[in-house]
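Participant: Spelled out, the chains give:
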Amino acid sequence: MNADELKTALEAEGAKVTYDQKRKVFDVFVQDPSRIKQVARKMLELGLDHVVSVTGVDYPDRIEVIWHASSYSVDSLEGLVVALRTPISKGPPRQAYDPRTRTYGPARPPLPVDSLTDVWPSALFLEREAHEMFGIEFRGHPDLRPILLSDDFYGKWPLRKDFTYDKSELKVA
Amino acid sequence: MSESSAKERKLRNPIVGHIRALAKGFKYLVEPNRMTLDYPAETMKLPPNYRGFFTVDDKKCIGCSMCEMICPPQAITMIPRVQVQSGQTVPEGAGQGKKTKRPVVNWGRCIYCYFCFDICPVDAFVPSGVHDLAFYNDKDYRPSYEEYLKPPEEPYKNSKKVVSRPDLKRGVGYEPAP
Amino acid sequence: MSERVYNIEEAPNIDVSGDRYIMLQIGPSHPGSGHMRIKVWLDGDIVVKVDPDIGFVHRTSEWLSERREFIKAIPIVERIMLPDTIHANLSYITTLERLLGLEAPPRAQYLRTLAAEINRITSHLYGIGIFGIFLGSSTVYMWAFGDREPFIDLMEMLTGARITYSYIIPGGVRWDMPKGFKERAEKVLEYMEKRLKDYDDIWVKNPVVQSRCVNVGVIDKTNAIRLGVVGPNLRASGVYYDTRKHDPYAAYQNVDFEVPTFKNGDAYDRLLIRVEEIKQSMKIIKQVLKDMPEGKIIDEGTYKQLNPVMKKVYDERARVMFPAFYNHMRPQPGEATGRVEAGRGEIFFYLRSDGGKYPYRFRWVTPSFRNLPFFTHVAVGYRLADLPAIYGSVDYFPPEADR
Amino acid sequence: MGIIPLIIWLIEDLLYVIIFPGLVTVMVLAIIIIYIERKIAGKVQMRFGPLWVSKRIGGALQSVADLLRFSFQSFIVPEGADRLAFILAPGLMFAFSMIPLIFVPVGPYYSLLFPAGLTVLLSVALILVTPIYAIVIGWSSDNKFSFVGSLREAFLLMSYEIPFIFSVLSMVIFYRTLNYIDAVASQYRFLPGIILNPVAAVVMLIVMIRTTGRFPFDITEADSELVMGLFTEYSALFFGVGMATPYVELYVYSLIFSLLFLGGWWPAPLYSPGPIMGLILPGLVVVVKAFIVMTILVFLRSVYPRYRLDQAVRSGWGYVMGLSALAVVISILEVIFL
Chain A
11 MNADELKTAL EAEGAKVTYD QKRKVFDVFV QDPSRIKQVA RKMLELGLDH
61 VVSVTGVDYP DRIEVIWHAS SYSVDSLEGL VVALRTPISK GPPRQAYDPR
111 TRTYGPARPP LPVDSLTDVW PSALFLEREA HEMFGIEFRG HPDLRPILLS
161 DDFYGKWPLR KDFTYDKSEL KVA
Chain B
26 MSESSAKERK LRNPIVGHIR ALAKGFKYLV EPNRMTLDYP AETMKLPPNY
76 RGFFTVDDKK CIGCSMCEMI CPPQAITMIP RVQVQSGQTV PEGAGQGKKT
126 KRPVVNWGRC IYCYFCFDIC PVDAFVPSGV HDLAFYNDKD YRPSYEEYLK
176 PPEEPYKNSK KVVSRPDLKR GVGYEPAP
Chain C
61 MSERVYNIEE APNIDVSGDR YIMLQIGPSH PGSGHMRIKV WLDGDIVVKV
111 DPDIGFVHRT SEWLSERREF IKAIPIVERI MLPDTIHANL SYITTLERLL
161 GLEAPPRAQY LRTLAAEINR ITSHLYGIGI FGIFLGSSTV YMWAFGDREP
211 FIDLMEMLTG ARITYSYIIP GGVRWDMPKG FKERAEKVLE YMEKRLKDYD
261 DIWVKNPVVQ SRCVNVGVID KTNAIRLGVV GPNLRASGVY YDTRKHDPYA
311 AYQNVDFEVP TFKNGDAYDR LLIRVEEIKQ SMKIIKQVLK DMPEGKIIDE
361 GTYKQLNPVM KKVYDERARV MFPAFYNHMR PQPGEATGRV EAGRGEIFFY
411 LRSDGGKYPY RFRWVTPSFR NLPFFTHVAV GYRLADLPAI YGSVDYFPPE
461 ADR
Chain D
100 MGIIPLIIWL IEDLLYVIIF PGLVTVMVLA IIIIYIERKI AGKVQMRFGP
150 LWVSKRIGGA LQSVADLLRF SFQSFIVPEG ADRLAFILAP GLMFAFSMIP
200 LIFVPVGPYY SLLFPAGLTV LLSVALILVT PIYAIVIGWS SDNKFSFVGS
250 LREAFLLMSY EIPFIFSVLS MVIFYRTLNY IDAVASQYRF LPGIILNPVA
300 AVVMLIVMIR TTGRFPFDIT EADSELVMGL FTEYSALFFG VGMATPYVEL
350 YVYSLIFSLL FLGGWWPAPL YSPGPIMGLI LPGLVVVVKA FIVMTILVFL
400 RSVYPRYRLD QAVRSGWGYV MGLSALAVVI SILEVIFL
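Residue numbers (the numbering used here), protein chains in the order written: chain A, 11 to 183; chain B, 26 to 203; chain C, 61 to 463; chain D, 100 to 437.
Please note that the accuracy of each hint is not assured.
As the list claims (entries may be wrong) - The calculated lysine to aspartate or glutamate pairs, modelled on EDC-like cross-linking and capped at a C-alpha distance of 16 Å, are: (1) D:Lys154 / B:Asp63; (2) B:Lys194 / C:Glu253; (3) D:Lys243 / D:Asp165; (4) D:Lys243 / C:Asp260; (5) A:Lys171 / C:Asp103; (6) D:Lys154 / B:Asp192; (7) C:Lys417 / C:Asp105; (8) B:Lys70 / C:Asp213; (9) C:Lys242 / B:Asp148; (10) B:Lys52 / C:Glu246; (11) C:Lys247 / B:Asp148; (12) B:Lys70 / B:Asp148; (13) C:Lys372 / B:Asp192; (14) C:Lys356 / C:Glu163; (15) B:Lys194 / C:Asp111; (16) D:Lys243 / C:Asp103.
Stated by the list, open to error - Beyond 12 Å from chain C on every Cβ pair, some chain A residues (computed): (17) Pro43; (18) Asp59; (19) Gly66; (20) Ala93; (21) Pro131; (22) Ala140; (23) Asp153; (24) Pro156; (25) Pro168.
Bear in mind the hints are in silico, worked out from the structure with no lab data behind them.
Glycine residues also receive a C-beta, built at the ideal position from the N, C-alpha and C atoms.
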């Protein structure tokens, strides 16, 4: 199995695949978020057996969730990092800081997408991190507690581009 | 899959192991190889490229603010030269725009990455060869331009100066600085 | 030899409520935890559940890097991985070069390899030393930390700093090898080879260490792959995988070295593999010193942008100064990924640029973070006293995981 | 016996207990042995060891400085602790570690209270009381780490005391006495016990390492697992006392070891009148022998990490127990055939 065969196999699943050898980007774009589990299963079958990173990218109109998968067991795939990418629609933007209530308006709910932990158990902690940083709700994840941030950061989604903070918010210990 | 055959480990017989461990410990007990430095009675003479405290060459500096821009922790501030030359109401080079500015470093923020050294188009920064310096209060971390121009005073001046050299017995040996 | 009472498969699902289990909170200020909290549920003396609670030293490195110029992320990523700064630097720059379309000249690639391998040795010695103090041997702790010194000294000679080197820049490296470096490095390697025998006697083959580590914290090949373990811990479980071989960067495709693997996947193998990797690193350093090509240490495009003063400095002192565009690098829109085998495992970078001054998305995953699921599973079924042995053998570095 | 000789006798005994080989000597020796332990570790670990307190004499006053520091710290009783037990237990533990000294004569005329009595039996019985207070400490602290530490202490107590008793018993069988002075006299007639029954000596050494928490059996205090083990909640002088107790125990055990196995005050004459030949010289010889044993045992810190609890307990009930039984058999055979 080389990169081209992988490309054909994944395109058969209905994904848009681009491969840039120079920048080491193997991109599998799935337009429909409900289909990612199927594509992920296919990827696992083809030998991409672990997840390197799970993250989001916040674009003006959407949030893209990216699972970077790679292989330990199939030799010819070991040089590849395959990005499984899917867009999810974005919720309401964060409101401006209100000094009277000391909040940014109501907490914004996390955006749902299927969790891939049952396909790749190595995504357990990575999805937890993406959850608290981007507010992506991984449906089916066994344990979505905050991991790196403290509990009072929940709902602020700090790595989204609209994250700002007011100086009065900063607590001095 | 280019699987190389995994190595099989060899465990040592416990009795032999105990004896050899004790013997090795005893060997180091009777002929100790000290690798530490009796600081501050002995201090290191730093190599010329050591990234310690630094000053700026006032004559070379053209006040271009590149160092301020690149400084990752934002430790460098450009201050107008008017404040520099106390007593002079008309600053030298007045009316020449940017050239009237000079960098000053906040030592509390500096991380000694020396990006400012490398971005400087005229190579105006000068390393001082001092690294083991601490200040007693917050104000000393932020020197004025005159204070900053003087190279910082080295602590433990009367200590024995040593340089490190590789030593086949101890790893790093120390010998008196030339 | 302890036997595993609880099964690894049922580890995360076990119900720990009720009086049967004692919960111990090891950390965050506990001598055996580092900057993390390990919640351990004990059935008698047997660990039934481990919940690593990390984030006590979270430094928001992604957030900070997305709000700074590209070049300013170098000190940020370095400070996350203090025992291993070159690798953090190298992985970031490798990815950034792919984004910028730069390529470093061969000499710079060799110098990067050299620095990375010296750093790998110090990182492994750090791990061995911490393992020593976890099992109570202060001697090996002092020895390992003392023996980092010759290597740190070498790096000091090369870069002028002891830990935070900031050595690698887009398109090359900042300093060339100074005079006398090669002789010094050879002496240091000779010393280290001698020293490894002493380590064998007092630490690696010490019967107490053997009885503490053998068959403790076993994770087999299937589970290691499934849980996405990285680095030496993966190879100790028998998986032949090393980014240096499979996704080569720097000068690794020109260097001849082995990737040691072991079969059993227990704490003792994880200890041995670090010792083996030190030996391999020394082999690589020797080769690199021998084959070091002549030439520039910065790529032509960047060199052309240096002004005459900087070019003079380059000729006289073999030091690369930054051209002015470093202040505001604007890569073409697009994305790039990069992987580097650090001391503790694989660092992964994902950079996205929108053509602006700052990275649009700056994502990196450190090996310790990826070893976390492994950490939750591996200690289950062993005794409380095995926890330090396992923790030490995993060589987990909390600031690195927290980023 | 008249009233005046009785008083003199009692005063003598008190002097023995308080000055030599008792309290004062113990404290001085503990301070010296702690310093030596650190210096040995420093040498093996390629560094200086304690240096900064009294730099001219190589940092020898470091332990004194530590003692002073402990003395002036404030003592905190945690809220949930059993107050009385928490405060009393370290002192009692220290006291009970000293009491066996009454029955350990370091010379032919140091026969305190029971001139011809069952000193071996009494000292062995008393020496095994100390760990009970360790359990009390762990229980009263109301801390999970202390609690686990005290449980470990209890497990170890069970597994090491029987080999210890067997080891002493084998020598008692051989010397056919329960009196230290007679045992030493018996070694004068034959050979030192360590040559006659090396197995018993090895067992005794292992038990000494384990009881006093030297490496590789530093299990109850394992700092990377249990913070400070039993003494997690302690501070100030109570902590210092707790830390000093193993050294006192080590001293007592080493005295017993040198009496039973190293020929007691061997180069000195067995019974000799006069204060120098009868009191000072034998006493010094025994204490120096004990000191050498202590030095060897503290040297182990710089070589070994620690064993796990179950390994220590298993080897206690297994190997060490078997060895001690073997020692008894050897003694019986020697008694029959020699």
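Participant: Would you say Asp59 of chain A is clear of chain C, with no C-beta pair closer than or equal to 12 Å?
Facilitator: 5 Å, violated
Participant: Taking only the CA atoms, is the gap from Lys243 of chain D to Asp165 of chain D under or equal to 16 Å?
Facilitator: 27 Å, violated
Participant: Does Ala93 of chain A sit more than 12 Å from chain C, CB to CB?
Facilitator: The claim breaks: Ala93 of chain A does not keep its Cβ more than 12 Å from every Cβ of chain C (closest is about 7 Å).
Participant: Is the straight-line distance between the alpha-carbon of Lys52 of chain B and that of Glu246 of chain C 16 Å or less?
Facilitator: Measuring from Cα to Cα gives roughly 26 Å; hence the hint is violated.
Participant: Has the given pair, Lys194 of chain B with Asp111 of chain C, been kept, meaning a C-alpha gap of at most 16 Å?
Facilitator: Distance ~45 Å between Lys194 of chain B and Asp111 of chain C Cα, so the pair is violated.
Participant: Compare the distance between the alpha carbons of Lys417 of chain C and Asp105 of chain C with 16 Å, and conclude whether the hinted pair is satisfied.
Facilitator: 55 Å, violated
Participant: Can the restraint linking Lys70 of chain B and Asp213 of chain C be considered satisfied, given a maximum Cα separation of 16 Å?
Facilitator: 13 Å, holds
Participant: Holds or violated: Lys154 of chain D with Asp192 of chain B, Cα cutoff 16 Å?
Facilitator: Violated, at about 27 Å.
Participant: Need the status of pair Lys194 of chain B, Glu253 of chain C: alpha-carbon distance at most 16 Å?
Facilitator: 11 Å, holds
Participant: Is the claim that Pro43 of chain A lies outside the interface with chain C correct, judged by CB distances over 12 Å?
Facilitator: 19 Å, holds
Participant: Check whether the Cα positions of Lys243 of chain D and Asp103 of chain C lie no farther apart than 16 Å.
Facilitator: 14 Å, holds
Participant: If you draw a straight line from the CA of Lys154 of chain D to the CA of Asp63 of chain B, is it 16 Å or shorter?
Facilitator: Holds. Lys154 of chain D to Asp63 of chain B sits at ~11 Å (cutoff 16 Å).
Comparing the model with each earlier hint shows violations of hints 3, 4, 5, 6, 7, 9, 10, 11, 12, 13, 15, 18, 19, 20, 21, 22, 23, 24, 25; every other hint is respected.
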